[in-house]
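*Asks:* Full structure from sequences and hints, please.
Here's the letter readout for the chains.
Number of protein chains: 2
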Amino acid sequence: MRLSRFHLHTTKETPADADVVSQQLMLRAGMIRKLAAGIYTWTPLGLRVLRKVEGIVREEMNRAGALEMLMPSVQPRELWEETGRWQKFGGQLLKIRDRKDAEFCYGPTHEEVVTDWARSELSSYKQLPVNVYQIQTKFRDEIRPRFGVMRAREFLMKDAYSFHLTPECLARGYQVMFDAYTRIFERLGLRFRAVQADSGAIGGNASQEFHVLADSGEDLIAYSTGSSYAANVEKAEAAAPGPRPVAAEAMARVATPAQTTCEDVAALLGLPLERTVKSVAVVGASGFCLLLVRGDHQVNEVKAANLPAIGADYRPATEEEIVAHLGCKPGFIGPVSPQREITVVADRTVAAMADFVCGANTEGFHLTGVNFGRDLPEPALVADIRSVVEGDLSPDGQGTLALCRGIEVGHVFQLGQTYAKSLGATVLDENGAAQVMYMGCYGIGVSRIVAAAIEQNHDAAGIIWPEPMAPWQVAVCIINPKNDPAVAEAAEALHGELQALGIETVLDDRGLRPGPMFADIELLGIPHRVVVSERGLAAGTFEYRARRAEAAEALDKAALLERLRH
Amino acid sequence: MRLSRFHLHTTKETPADADVVSQQLMLRAGMIRKLAAGIYTWTPLGLRVLRKVEGIVREEMNRAGALEMLMPSVQPRELWEETGRWQKFGGQLLKIRDRKDAEFCYGPTHEEVVTDWARSELSSYKQLPVNVYQIQTKFRDEIRPRFGVMRAREFLMKDAYSFHLTPECLARGYQVMFDAYTRIFERLGLRFRAVQADSGAIGGNASQEFHVLADSGEDLIAYSTGSSYAANVEKAEAAAPGPRPVAAEAMARVATPAQTTCEDVAALLGLPLERTVKSVAVVGASGFCLLLVRGDHQVNEVKAANLPAIGADYRPATEEEIVAHLGCKPGFIGPVSPQREITVVADRTVAAMADFVCGANTEGFHLTGVNFGRDLPEPALVADIRSVVEGDLSPDGQGTLALCRGIEVGHVFQLGQTYAKSLGATVLDENGAAQVMYMGCYGIGVSRIVAAAIEQNHDAAGIIWPEPMAPWQVAVCIINPKNDPAVAEAAEALHGELQALGIETVLDDRGLRPGPMFADIELLGIPHRVVVSERGLAAGTFEYRARRAEAAEALDKAALLERLRH
Numbered sequence: 001m002r003l004s005r006f007h008l009h010t011t012k013e014t015p016a017d018a019d020v021v022s023q024q025l026m027l028r029a030g031m032i033r034k035l036a037a038g039i040y041t042w043t044p045l046g047l048r049v050l051r052k053v054e055g056i057v058r059e060e061m062n063r064a065g066a067l068e069m070l071m072p073s074v075q076p077r078e079l080w081e082e083t084g085r086w087q088k089f090g091g092q093l094l095k096i097r098d099r100k101d102a103e104f105c106y107g108p109t110h111e112e113v114v115t116d117w118a119r120s121e122l123s124s125y126k127q128l129p130v131n132v133y134q135i136q137t138k139f140r141d142e143i144r145p146r147f148g149v150m151r152a153r154e155f156l157m158k159d160a161y162s163f164h165l166t167p168e169c170l171a172r173g174y175q176v177m178f179d180a181y182t183r184i185f186e187r188l189g190l191r192f193r194a195v196q197a198d199s200g201a202i203g204g205n206a207s208q209e210f211h212v213l214a215d216s217g218e219d220l221i222a223y224s225t226g227s228s229y230a231a232n233v234e235k236a237e238a239a240a241p242g243p244r245p246v247a248a249e250a251m252a253r254v255a256t257p258a259q260t261t262c263e264d265v266a267a268l269l270g271l272p273l274e275r276t277v278k279s280v281a282v283v284g285a286s287g288f289c290l291l292l293v294r295g296d297h298q299v300n301e302v303k304a305a306n307l308p309a310i311g312a313d314y315r316p317a318t319e320e321e322i323v324a325h326l327g328c329k330p331g332f333i334g335p336v337s338p339q340r341e342i343t344v345v346a347d348r349t350v351a352a353m354a355d356f357v358c359g360a361n362t363e364g365f366h367l368t369g370v371n372f373g374r375d376l377p378e379p380a381l382v383a384d385i386r387s388v389v390e391g392d393l394s395p396d397g398q399g400t401l402a403l404c405r406g407i408e409v410g411h412v413f414q415l416g417q418t419y420a421k422s423l424g425a426t427v428l429d430e431n432g433a434a435q436v437m438y439m440g441c442y443g444i445g446v447s448r449i450v451a452a453a454i455e456q457n458h459d460a461a462g463i464i465w466p467e468p469m470a471p472w473q474v475a476v477c478i479i480n481p482k483n484d485p486a487v488a489e490a491a492e493a494l495h496g497e498l499q500a501l502g503i504e505t506v507l508d509d510r511g512l513r514p515g516p517m518f519a520d521i522e523l524l525g526i527p528h529r530v531v532v533s534e535r536g537l538a539a540g541t542f543e544y545r546a547r548r549a550e551a552a553e554a555l556d557k558a559a560l561l562e563r564l565r566h
Numbered sequence: 001m002r003l004s005r006f007h008l009h010t011t012k013e014t015p016a017d018a019d020v021v022s023q024q025l026m027l028r029a030g031m032i033r034k035l036a037a038g039i040y041t042w043t044p045l046g047l048r049v050l051r052k053v054e055g056i057v058r059e060e061m062n063r064a065g066a067l068e069m070l071m072p073s074v075q076p077r078e079l080w081e082e083t084g085r086w087q088k089f090g091g092q093l094l095k096i097r098d099r100k101d102a103e104f105c106y107g108p109t110h111e112e113v114v115t116d117w118a119r120s121e122l123s124s125y126k127q128l129p130v131n132v133y134q135i136q137t138k139f140r141d142e143i144r145p146r147f148g149v150m151r152a153r154e155f156l157m158k159d160a161y162s163f164h165l166t167p168e169c170l171a172r173g174y175q176v177m178f179d180a181y182t183r184i185f186e187r188l189g190l191r192f193r194a195v196q197a198d199s200g201a202i203g204g205n206a207s208q209e210f211h212v213l214a215d216s217g218e219d220l221i222a223y224s225t226g227s228s229y230a231a232n233v234e235k236a237e238a239a240a241p242g243p244r245p246v247a248a249e250a251m252a253r254v255a256t257p258a259q260t261t262c263e264d265v266a267a268l269l270g271l272p273l274e275r276t277v278k279s280v281a282v283v284g285a286s287g288f289c290l291l292l293v294r295g296d297h298q299v300n301e302v303k304a305a306n307l308p309a310i311g312a313d314y315r316p317a318t319e320e321e322i323v324a325h326l327g328c329k330p331g332f333i334g335p336v337s338p339q340r341e342i343t344v345v346a347d348r349t350v351a352a353m354a355d356f357v358c359g360a361n362t363e364g365f366h367l368t369g370v371n372f373g374r375d376l377p378e379p380a381l382v383a384d385i386r387s388v389v390e391g392d393l394s395p396d397g398q399g400t401l402a403l404c405r406g407i408e409v410g411h412v413f414q415l416g417q418t419y420a421k422s423l424g425a426t427v428l429d430e431n432g433a434a435q436v437m438y439m440g441c442y443g444i445g446v447s448r449i450v451a452a453a454i455e456q457n458h459d460a461a462g463i464i465w466p467e468p469m470a471p472w473q474v475a476v477c478i479i480n481p482k483n484d485p486a487v488a489e490a491a492e493a494l495h496g497e498l499q500a501l502g503i504e505t506v507l508d509d510r511g512l513r514p515g516p517m518f519a520d521i522e523l524l525g526i527p528h529r530v531v532v533s534e535r536g537l538a539a540g541t542f543e544y545r546a547r548r549a550e551a552a553e554a555l556d557k558a559a560l561l562e563r564l565r566h
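First to last, the protein sequences are chains S and V.
Counting from 1, position 64 in the first sequence corresponds to residue 64 in our numbering; the numbering is continuous, with no gaps.
Counting from 1, position 448 in the second sequence corresponds to residue 448 in our numbering; the numbering is continuous, with no gaps.
If you're looking for bench data, these hints aren't it; they were derived computationally from the structure.
Even for Gly, the Cβ is constructed at its ideal location relative to N, Cα and C.
Certain hints may be false.
[Unchecked claim] Derived list of chain V stretches under chain S, where covered just means 3 residues or more per stretch with a C-beta under 8 Å from a C-beta of chain S:
#	region
1	5-16
2	28-37
3	40-54
4	59-68
5	109-117
6	124-132
7	143-155
[What the hints assert, rightly or not] If we take Cβ atoms under 7 Å as the criterion, some of the chain V residues that face chain S in the derived model are:
#	residue
8	ILE96
9	GLU121
10	ILE135
11	THR137
12	PRO316
13	GLU320
14	ARG340
*Replies:* Right, here's the structure in full:
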């Protein structure tokens, strides 16, 4: 490819409305162009990268035995009514009415359509397992589309669905997909982690997310420094604490006139923060409730919501509710002697504490030396309701936890029978009895990967593509201010030779000065740059620079080819 | 690929609601599955074929120097308002409202989006010409979706757009696309014809359609038996007739009591039909009008509508209007002595007739020996308003015309400045002056090609794929009722060997009896079938049959490979 014939359009200015570095660099390099909020055109440059990702995903899905198909983007309301998701999916579902007033949606995902396909195409256990996938444009009407293609409304996704007779077969199929995903992200050249995820509202048993690691990631991930354990902080289990020590202190009321946080109370009393207990008042499925976590810990909302007593719809209690139940304003509340009967849920760490400090339910006072079973009843419920922190023991007992940030680019789910049941997708088993199929679903955000890769790999000059994702592996730059035909010919020859070796090469024949030309090549993130110039030709060398290298070096042809072939 | 692991689902029954043979065979072979009216899932089998077409289209577009990009499917109303097409496009435009009540459409085509891209990305004549394309899902809300994927609402299209500084450059770019299309349809192995088309409402100068020839095609095509001339009958020019003979008869009124058609009048009078003139009463741009064509000819509605005096909105006159203007009911009307003044438009053939027969504007009577300039004024307008018929002289003077039917699968257009003007897409020319760009647009119905290929290539047993479109080139069928491991091994080995030679091969290891197995392979249209059986192994041969061959033949390995390599 000659860059003079390729439609390249770079800018130096950082676009005003770009929130994250990947969006800024994709716009500056001219990979994408915004058409409307969350809706982007992929230019020829951007599409080259997108297709690289798509190609690797496709190859590994095929290798894993999945069959590619193509389902419609426009889906009838009736099907979504069968699973109840026409309502439940919420505002992200883009609804459409056709000229005959029939209702449709622009598919944000394809569980309904694929299960409808399965119920009519699969009739016998002999046809199972089946894994089908597609790489297709989806639409989710995000209320705040942002971060460019990272959280766009129209996006490219690979979604796969597997069908099985038994949960054991589903677990095997799930593992096959897990392994395929691992190969995909390895082949893409990205630093990533597979983490345990909360399966949340989708239900099902097992669920893991694949995150590209990047400081700018929206998700917080906990991983063990001593094992392969990793989990989304939403889900990461806090290791069970040791047994509760014996009570050693008597309960006492201490004045804390202006101390409304555990930090302030601990400082006033000269005690470590780990001796205090924080009481978080919420209203959930079983009414007013106090969640107790250690002073230096935070309530994990996802874990709390997963407790039946709390439930997904829980909310913070209002000041009025707090006063009504505890007889005291926030800042001094605690689980001892509430005004009315309340439910107390203690984090496992708290349940293992003795002689702790908590609010006295009297304004201006806290209690010290508090002990369960003596000063207040044992908690109604003991559960893991806190987020893990750096340094926690890994729940698998190997090493301690560290935290990092990630961008979710893949997700594998064991859905179980949820969709198959509501859509009546059954097959006959060996005994001729109808069995509801077990399903797995497996997504990869193809367009999001492009942005995530940039978040992970960039510097002040621009993008630094992992080789498998680069639009071209090598840029051959012609520096030829005197228009010496020998220079142009040498560059053409090198370009041709590299192409013939199967190395994707672009020839920068735009006739720019070295400054702007090199700036473009660096902004575009091309892994290898080779300069052909009069001076180099005279010395029998090419100037070579890897995108991540500090400086260029002069290499003769043989050394150059050696370098580019790896 | 092993067929046992491929999700194949064939049926013997012809689906009740399938109108055309391609739809029947695609459903029976399990290539597509209907989700809603005009909305289909492409199964793994169907997608294999679709991807073959897509691949050839992409390769030839790239070879022609076009750059692939990917524009959004969801497009904002504002852009369509700029060209006036938000209203003008009509009911086929699927309109969408998002959660914030902003209006969008599901792109049925991308002139607006690509011109918006061009106006912001292209600023100098130095960047021109540019040709960009995409292969993308489109939606047209057809009022009567039918014929399966042939006239579906959601479909896959390749659309390309070129931008130029001058009409001459546009003409060159258009020719490049014309040549690329010719290569595409040649490589697909389809019998096709490029025909001149009416550019109709889209405007612009030149426009050609590519038709796959098939008896079931919706379009009628005229082509010369003596040259490369071909045109859609909508557009095909009727060659100019010779000069008008001198009048030889006197005008006479003859009783035709029950003869209301030219055929009946000619029969009664014992005259050839070619001596009669048919008068077609319409109301158009210039009011009530008689269109005169020879008795054996038909008015061509597209040609008539293209006359400014008639216009696109013309309609047949009502009986009341006919009586009011001609003083006579339909069946006996003609251009001589109308009640009121009327506009007469004569086809060129009619204008060259003398002594013709036409209605007398008196019920029960016709006139014979009628001559222009003597019995009635010369017609107000003489134009080519008839459809060509088999045997007409070719308008290029070489040979005569024959007719065939075709399915439109591609269209190339010189749009000119229409869209660029309304969207203000200009570049600076060599003198620094802003110039509105010239545009071409070039479409290929990728999914329609699959159906069109079947319409052209099928027999009673099923589909007969042209090799480049076949899901696999070769099926290796295992006939092994005794479960002889040697037979299975020989088949596996042959399958592996063919794959290694780069011949796409599927192994039919489903263990079916020969009847159902061969029926499936024929229904699927696989070009080459090879049977591995105990008997064949004993004789050292394979049973080979080409899909179009009458019978199978026994070939040894060397002969088989020779045959499959061509």
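*Asks:* Work down the list of hints and note, for each, if the structure agrees.
*Replies:* Going down the list of hints, with the structure as the test:
Look at the region 5-16 of chain V against chain S: 4 of its residues bring a Cβ nearer than 8 Å to a Cβ of that chain, three or more, so the hint holds. Only when three residues or more bring their CB closer than 8 Å to a CB of chain S does the claim for the region 28-37 of chain V stand; here the count is 4, and the claim holds. Beta-carbon proximity to chain S at under 8 Å applies to 8 residues in the region 40-54 of chain V; the threshold of 3 is reached and the given coverage holds. Counting residues of the region 59-68 of chain V whose C-beta lies closer than 8 Å to any C-beta of chain S gives 3; at least three are required, and the coverage claim holds.
Given as covered by chain S, the region 109-117 of chain V passes the check, having 3 residues with a CB less than 8 Å from a CB of that chain where 3 are the minimum. Interface restraint, the region 124-132 of chain V with chain S: holds (3 residues with C-beta to C-beta distance below 8 Å; minimum three). Given as covered by chain S, the region 143-155 of chain V passes the check, having 3 residues with a CB less than 8 Å from a CB of that chain where 3 are the minimum. With 7 Å as the threshold, the beta carbon of V:ILE96 comes within range of chain S, its nearest partner Cβ sitting at about 5 Å, so the hint holds.
Hint on V:GLU121 holds. Least Cβ distance to chain S is approximately 5 Å, under the 7 Å limit. Given the 7 Å rule on beta carbons, the hint for V:ILE135 is violated: about 11 Å separates it from the nearest Cβ of chain S. Satisfaction of the interface hint for V:THR137 is found here, the shortest Cβ-Cβ separation to chain S being roughly 6 Å, below the 7 Å cut-off. For V:PRO316, the suggested interface contact is broken, since its CB lies about 26 Å from the closest CB of chain S, more than 7 Å.
The beta carbon of V:GLU320 is not positioned within 7 Å of any beta carbon in chain S (closest approach about 33 Å), and the interface hint is therefore violated. Look at V:ARG340: its Cβ only gets to about 41 Å from chain S, farther than 7 Å, so that hint breaks.
When the structure is compared with the earlier hints, violations turn up for hints 10, 12, 13 and 14 and for no others.
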